[in-house]
Structures are given as structure tokens and as C-alpha cells.
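Visitor: Chain order of the listed sequences is V and S.
All the letters of the first sequence, read from the start, carry residue numbers 7 to 263 under this note's numbering.
All the letters of the second sequence, read from the start, carry residue numbers 161 to 434 under this note's numbering.
These aren't lab readings, by the way, just hints derived from the structure by calculation.
A virtual CB, placed ideally from N, CA and C, is assigned to each residue, including glycine.
Every clue listed holds true.
Partial chain S-side listing against chain V, Cβ under 8 Å, derived:
#, residue
1, P325
2, Q328
3, T341
4, R345
5, I346
6, V429
Computed spacing ranges between beta-carbons, pair by pair:
#, chain 1, residue 1, chain 2, residue 2, range
7, S, S279, V, K110, 32 to 38 Å
8, S, S279, V, A232, 43 to 49 Å
9, S, I216, V, G149, 56 to 62 Å
10, S, V252, V, G20, 41 to 47 Å
11, S, I249, V, G20, 44 to 50 Å
12, S, V252, V, R194, 50 to 56 Å
13, V, P242, S, S339, 38 to 44 Å
14, S, I249, V, E187, 51 to 57 Å
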Amino acid sequence: MSLVTIKKLWKSYGDNVVLENINLEIKEGEFCTLVGPSGCGKTTFLKMLLGQESPSRGTFLLEGKAFPSEPGVERGIVFQRYSVFPHLSVLENVMLGIELEESKFFGRLFGKQRTRAKERAMDMLEAVGMADAAEKYPSALSGGMQQRLSIAQSLVKNPKILLLDEPFGALDPGIRADMHELILSLWRKNNLTIVMVTHDLHESFYLGTRLLVFDKVHTDARFPNAYGAQITYDIPVGKTQKALLEEIEQSIHEEIQ
Amino acid sequence: MKRLMNQKPSKLTALYLGLLPFVLIAILYLFASDARLAENPNDKLLPSLSSFVSAIDRMAFTPSARTGEILFIEDTRSSLERLGLGIFISAVLALLMAIPLGLIPYVRSGLSPFVAAFSMVPPMAVLPILFIVFGMGEMAKVALIVIGVTPLLVRDLQQRVLEIPEEQLIKAQTLGASSWTIVVRIILPQIMPRLLDGVRLTLGTAWIFLISAEAIAATDGLGYRIFLVRRYLSMDVILPYVVWITLFAFLFDYLLKKVTYKMYPWYAVNGGSK
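Using the sequences and the hints, build the whole thing.
Guide: Structure (C-alpha cells):
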């Protein structure tokens, strides 16, 4: 059974159709990247996966059951910015997920439980190469380090699906390459299912197993909102040719101009 | 020669420049006072240094002939008690209201218009009501500070709660937080230093209400005293009291800032407060 099942899904705000007729199956262990011109609804789609938005019509299932309509532990998220907690140290940021799970009322652990949570969090920090920075506050970290922390924070919960919303968009190219290595190795080691939104087509060809391109098929100059985006390409990554990459790139760019 | 806007004073020069206005005003005062006293030795408006010394000695170091208490210390104690209690109650109320207002849409829809309307009521206009309801005792004065300061704090704090990025709140939910644990682990710790900042900024307002209430109905307090001696044109008492009040206002501001940064080290670097 697939992890995510989507059939004939539509999303519109009033007359403004954002997504039309989306059909998609995501299996466990897949690493999907979503690309498309800005305003094509890829972020809206991610928000639906996250539970921030709900679809207007269609079937939208997680493991055969309706998607929970609010964010929860089954889905992890890393945003482009602001997803770490400035008032907690790096270690406390990672511990938070464990503490919230084990202490439903205080959201805080003490004594032995706390020591155990600390150890688990340290292991996770070790895995993302941040053990040295455990005592620092996020404001003392670079952008790349903050994103590492945000990933570690989510992974501690073992989410069924990890959602990444342009997580590396604000980083320098060198740091971005490091982050690519990190996310690929975490994905392989922990057998994660990842859905990542990006605006960098090369990134999406390099990362993951599957590339999904969102784009509008029909356009009407008089009613630009009458038609929504569909999935125009759904291709396994690694088996594609350069010519196809260029074709997609062109189709996305035309849209922008 | 650099442009004027690019020239910066050294630390020492900056210190001297900072002191200069104080020294100038002191010198100006002394000259003016001398000139007036030369014309009329009984002038009350600009007393000489020696009358200040004797007034301070009378108020702050000699027990009152009537009650045996030192008036200056009694006044300070009652005023600070009222101010402290008023500010404390306001801060607690603000915290209890602002977090639900900022976080829970149902509370916001229900209470926001009321809070907005209530905060428009001029506190001084309801002072008579407070005196009627609470009598002339301490309650009325503390209540005036609470009524004057709480709406300001609530609105400021609610804004701070709304400023917490939505990304953080969603992230917390994906980490398994409930509305309640989001309040205690995410909102409250981030809002506390902002509350202290808010208190700092509303202290001036709190002093206004305190002194007004004391001026109208009290038997002691800094505000009571300066309005009492006004009848005798006792500038030699009023001016030291004003300086004393200003000193306290400055001290509270400074201490609150220090405490905030000490208790919440992450706050300072996040572009905390002014």
C-alpha cells in the first residue's frame, strides 16, 4: 500500500483555482522533489500534506486513512526559516520532541528521564554533525547549521513523512552541497520518506528518486485564475536525460516570463 | 576633514558631553537663584542650596514632630508599595489575557473588541468611580495603576504573541505539542522577556497614575507630599522629591533591563529591546 494516495484532488480559494486534478501515489522510502514556477501551488500542496490546508475536493489519504487536518507527529517539517526555537539551546531544541511526547502536561522532563532524552538528542546531533554546538543558542549558528538543527529536531520523532519547504534556498552554494550530502545520507540510513519543495531544478535532479513538476496546462489571459496547476512531469530521477532537463527548465521559465 | 555625521567622539569625550547639560543647568540654576534672592531674600521660587540642604535634612533625617516617623522614608515606602503592587498585578493580568488572545482564535474573536474598547477609557476619568467603589484606601490607588497600565501591556504582549513566526508553532505541533504545551514551552518563555520590556516602557505611565491618585486622595506618598507642600510654595521640598522620583524611575528601568538580559541571554542577541 502506498503511504500517500491522492486522487482527483482540487484546491481552490473562491474562484481562484490553485491545483486541479492531482493524482499521485507516494510509496514508503521515496524521495520526491517538487518543482514549478512560483505561484504554481507547490507550497499549497505541501501545506496540504502538512495539514495546514485541506483540499477542496478529491481523495487525500495517508496510509489509507484520511489525512489529519492539523499538523501532527506523523509528519515532520523543515521550513526555509524560523523553524528552530530561539529561546532553547541546540540540545534543548532537539530534546523538545522527546519531552513533549513523554510529558504530556508539563512538556518537560526531569531526572533520569531527562538524562535519557539528553542522550537520545545528543545521538541525533552527532548524526547531523552538530554535537560540538549542543550548548549554543540558534542565534549563534549560521543559516546552514540552523537548518541542520531543524532536520535533527524533526528526525527525533521518526516521522512517517518528512516535508521540506525550500530548506536550502537561503544557503550559500557550498553549504547547500554539504546539506545535500547530509539529507541524502540521512534518507538512506533511516529509510525516510521525503517530499521536498524547491525552486532549484538542478537540486531536484540531484536529490531524490522522483521529480514532480507542477505547472499550469491551460491558461486564459482574461481569467488567469480560472485554471490551476497540474503535475506535468512525474519522472524517476537518475534515468533522465539532459535533453529532458532542458525541456522542463524551459517550460518552467516560459511561465515566469 | 570628515563630514560632521562621520565624526565620532571618543569614550571620554562622550562622557563629558553627556555630563555637560547637567552641569550647565545646575550653573544656570545657581545664578538665577542668586539673582532672585539678592532682590528678595524671601523668594520661594528658586531656593538656594542651603535651603535645599535644610529641607532635605528636615524631611529625610529628622523624625516628624507629629508622628515620630521620617516623612521622606514613609512617603517613599508607601509610593513604592503602591507602584510595585499595581505593576505586579498588571503584569500577571496581562500575561493571563495576552497569551490566549494571541493564540486562541475563539478567545481573540470574543475578547479583542472588548479589550480594544476598554483600553480607550481614560483611566483618570474613572478615578472617581474607583474612589467610590474602593474608598480612599490603598485599593483605589493600586486599582488606578492596574486600570491604566494593564490594557497597554495586554495589547503590547498580544502583538508579541502574534509576532512569533507561524513556522515555530507548526513545527511544535509536528513535534507533538498540544495547545497547552505550546503555551508553556514555546510562548511563555519567549514572551517573558517581552513582558519585562513592556513593564519597563509602561513604568512612566504607572508613575503618572500613582502621583495623580496620591495628589487627589492620600495621607502619605511622594505624590501626596509634593502636592501638599505646593500650598506653601515649598520649592525646596518639591524639587528634591522630583529628583528622587526621577532617580527611581531611572533605576527601575536600568535594573529591569539588566535582569531581563541576565535571565534570558538568548533575548539580547535576537534584537531584543530598545
